Amino acid sequence: MIEWIAQHIVAKYNFWIAIVIMLTGLYATVAKGNLLKKLIGLTIFQTAIFLFYVSLSDVGTLSGLGLHYGTAPIVWEEGIHRGYMYVNPLPHVLMLTGIVVSAATTAVGLALVVRLYEEYGTLEEERIMEKEMEIDKRGT
Amino acid sequence: MIIPIDLALLFFIVVIAIAAITTKDLLAAIVLLSAYSFLMACVWVEMNAVDVGFTEAAIGAGVTTAFMIAALSRTARWEEK
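Taken in order, these protein sequences are the chains called F and H.
Numbering-wise, our numbering comes out as the position in the first sequence, counting from 1, plus 141.
Numbering-wise, our numbering comes out as the position in the second sequence, counting from 1, plus 433.
If you are wondering where the hints come from, they were derived from the structure by calculation, not from laboratory data.
Remember, predicted model here, so these are calculated numbers, not experimental data.
Treat the hints loosely; a few may be bogus.
[To be verified] Stretches of chain F that chain H covers, calculated by requiring three or more beta carbons in the stretch to come under 8 Å of a beta carbon on chain H:
1) 153–166
2) 174–183
3) 186–193
4) 233–246
5) 262–271
[Stated by the list, open to error] Pair by pair, the computed Cβ-Cβ distance ranges are:
6) Met142(F) / Thr456(H): 38 to 46 Å
7) Trp511(H) / Thr212(F): 44 to 52 Å
8) Leu167(F) / Arg507(H): 26 to 34 Å
9) Ala152(F) / Trp511(H): 38 to 46 Å
10) Lys278(F) / Glu513(H): 42 to 50 Å
11) Val496(H) / Glu267(F): 24 to 32 Å
12) Glu218(F) / Phe444(H): 20 to 28 Å
13) Thr456(H) / Leu257(F): 42 to 50 Å
14) Pro437(H) / Gly174(F): 33 to 41 Å
15) Met142(F) / Phe471(H): 34 to 42 Å
16) Ile276(F) / Phe471(H): 37 to 45 Å
17) Ile276(F) / Ala509(H): 17 to 25 Å
18) Arg279(F) / Trp511(H): 53 to 61 Å
[As the list claims (entries may be wrong)] Simulated pairs of lysine-lysine, BS3-like, Cα-Cα distance not exceeding 25 Å:
19) Lys278(F) / Lys457(H)
20) Lys457(H) / Lys272(F)
21) Lys272(F) / Lys179(F)
22) Lys173(F) / Lys457(H)
23) Lys173(F) / Lys272(F)
For each residue, glycine too, the CB sits at the ideal point set by N, CA and C.
Could you build all of it, start to finish, from the sequences and the hints given here?
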């Protein structure tokens with residue numbers, strides 16, 4: 142039992158922490174009233190997913206404590222002959238794209254936030270809904 | 434990766450993420466988010482993902498913070514409630 146816990150929970154702590162950070166971001170995105178705070182939560186959520194993927198690529202996490210660690214995926218003349226271990230570079234490249242997309246979505250969201258503030262004079266979701274209701278009532 | 438460094442950085446990351454979403458001052462939240470991104474860049478360098486590390490340091494901690502402060506200067510600083 143203790144061995145099972147050590148293998149499946151303690152050795153993979155990176156994934157558990159990624160889940161904790163992800164849920165922190167999700168909470169901010171859903172429960173906070175301020176629109177800028179929602180965007181901050183979204184950024185945290187995205188970063189947690191990057192952490193999950195980069196942890197997948199790391200060979201040191203799962204293959205034993207202190208036995209052998211992979212190096213950065215850089216060509217190294219002597220290492221090629223020795224057969225050195227390196228971390229999987231494919232998730233890194235995918236997450237590189239993800240970081241750029243994350244910055245772009247944040248920029249679009251901020252543009253919408255600024256426009257909403259110009260229109261309604263507030264960033265609180267409830268205030269915006271109230272003003273929207275008032276406009277609807279006046280219209281009919 | 435080096436497990437003690439990894440654990441320490443991840444602990445600070447969780448604490449800073451919770452602090453960033455609970456504070457009422459949005460400028461403080463943005464600065465905390467910048468610190469969060471920088472620590473995340475440290476985690477990636479320590480996990481041998483150096484390319485992701487410097488992209489995060491430039492885009493996550495740099496450009497996103499600049500965008501957010503630019504948006505904040507046109508809107509309200511304090512969160513209600």
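The hints, checked one at a time:
1. With a cut-off of 8 Å between beta carbons, the segment 153–166 of chain F has 7 residues touching chain H; three or more are needed, and the interface restraint holds.
2. With 7 residues bearing a CB less than 8 Å from a CB of chain H, the segment 174–183 of chain F meets the requirement of three and the coverage assertion stands.
3. For the segment 186–193 of chain F, the assignment as covered by chain H holds, since 3 residues bring a beta-carbon within under 8 Å of that chain's beta-carbons and 3 suffice.
4. Counting residues of the segment 233–246 of chain F whose C-beta sits closer than 8 Å to any C-beta of chain H gives 8, which meets the bar of three, so the coverage hint holds.
5. With 4 residues bearing a CB less than 8 Å from a CB of chain H, the segment 262–271 of chain F meets the requirement of three and the coverage assertion stands.
6. Taken as a hint, the range 38 to 46 Å holds for the pair Met142(F) and Thr456(H), whose Cβ atoms sit roughly 41 Å apart.
7. The supplied range of 44 to 52 Å is met by Trp511(H) and Thr212(F), whose beta-carbon atoms lie about 47 Å from each other.
8. A hinted range of 26 to 34 Å for the beta carbons of Leu167(F) and Arg507(H) is consistent with their spacing of about 27 Å.
9. For Ala152(F) paired with Trp511(H), a C-beta distance near 44 Å keeps the hint of 38 to 46 Å intact.
10. Between Lys278(F) and Glu513(H) the beta carbons are some 23 Å apart, a value that contradicts the proposed interval 42 to 50 Å.
11. Under the hint 24 to 32 Å, the C-beta atoms of Val496(H) and Glu267(F), about 31 Å apart, fit the expected range.
12. Taken as a hint, the range 20 to 28 Å is violated for the pair Glu218(F) and Phe444(H), whose Cβ atoms sit roughly 38 Å apart.
13. Distance hint check for Thr456(H) and Leu257(F): the Cβ-Cβ separation is about 22 Å, which falls outside the suggested range of 42 to 50 Å.
14. At roughly 39 Å, the beta-carbon separation of Pro437(H) and Gly174(F) lies within the given 33 to 41 Å, and the hint holds.
15. The hinted window of 34 to 42 Å between Met142(F) and Phe471(H) holds, with their beta carbons roughly 40 Å apart.
16. Ile276(F) and Phe471(H) have their C-beta atoms about 43 Å apart, which keeps the hinted 37 to 45 Å range intact.
17. Taking 17 to 25 Å as the suggested C-beta distance range, the pair Ile276(F) and Ala509(H) conforms, at roughly 21 Å.
18. Restraint check, Arg279(F) to Trp511(H): a C-beta distance of roughly 29 Å breaks the suggested window 53 to 61 Å.
19. For the given pair, Lys278(F) sits about 32 Å from Lys457(H) by alpha-carbon distance, which is inconsistent with the 25 Å threshold.
20. A threshold of 25 Å between alpha carbons decides the hint, and for Lys457(H) with Lys272(F) the separation of about 23 Å falls inside it, so the pair holds.
21. Between Lys272(F) and Lys179(F), the direct Cα distance comes to roughly 20 Å. Compliance with the 25 Å bound is thereby established for this hinted pair.
22. Distance check on the hinted pair: Lys173(F) and Lys457(H) sit about 11 Å apart at the alpha-carbon level, within 25 Å; holds.
23. A distance of roughly 19 Å separates the Cα atoms of Lys173(F) and Lys272(F); the hinted pair therefore holds under the 25 Å criterion.
Comparing the model with each numbered hint stated earlier shows that hints 10, 12, 13, 18, 19 do not hold.
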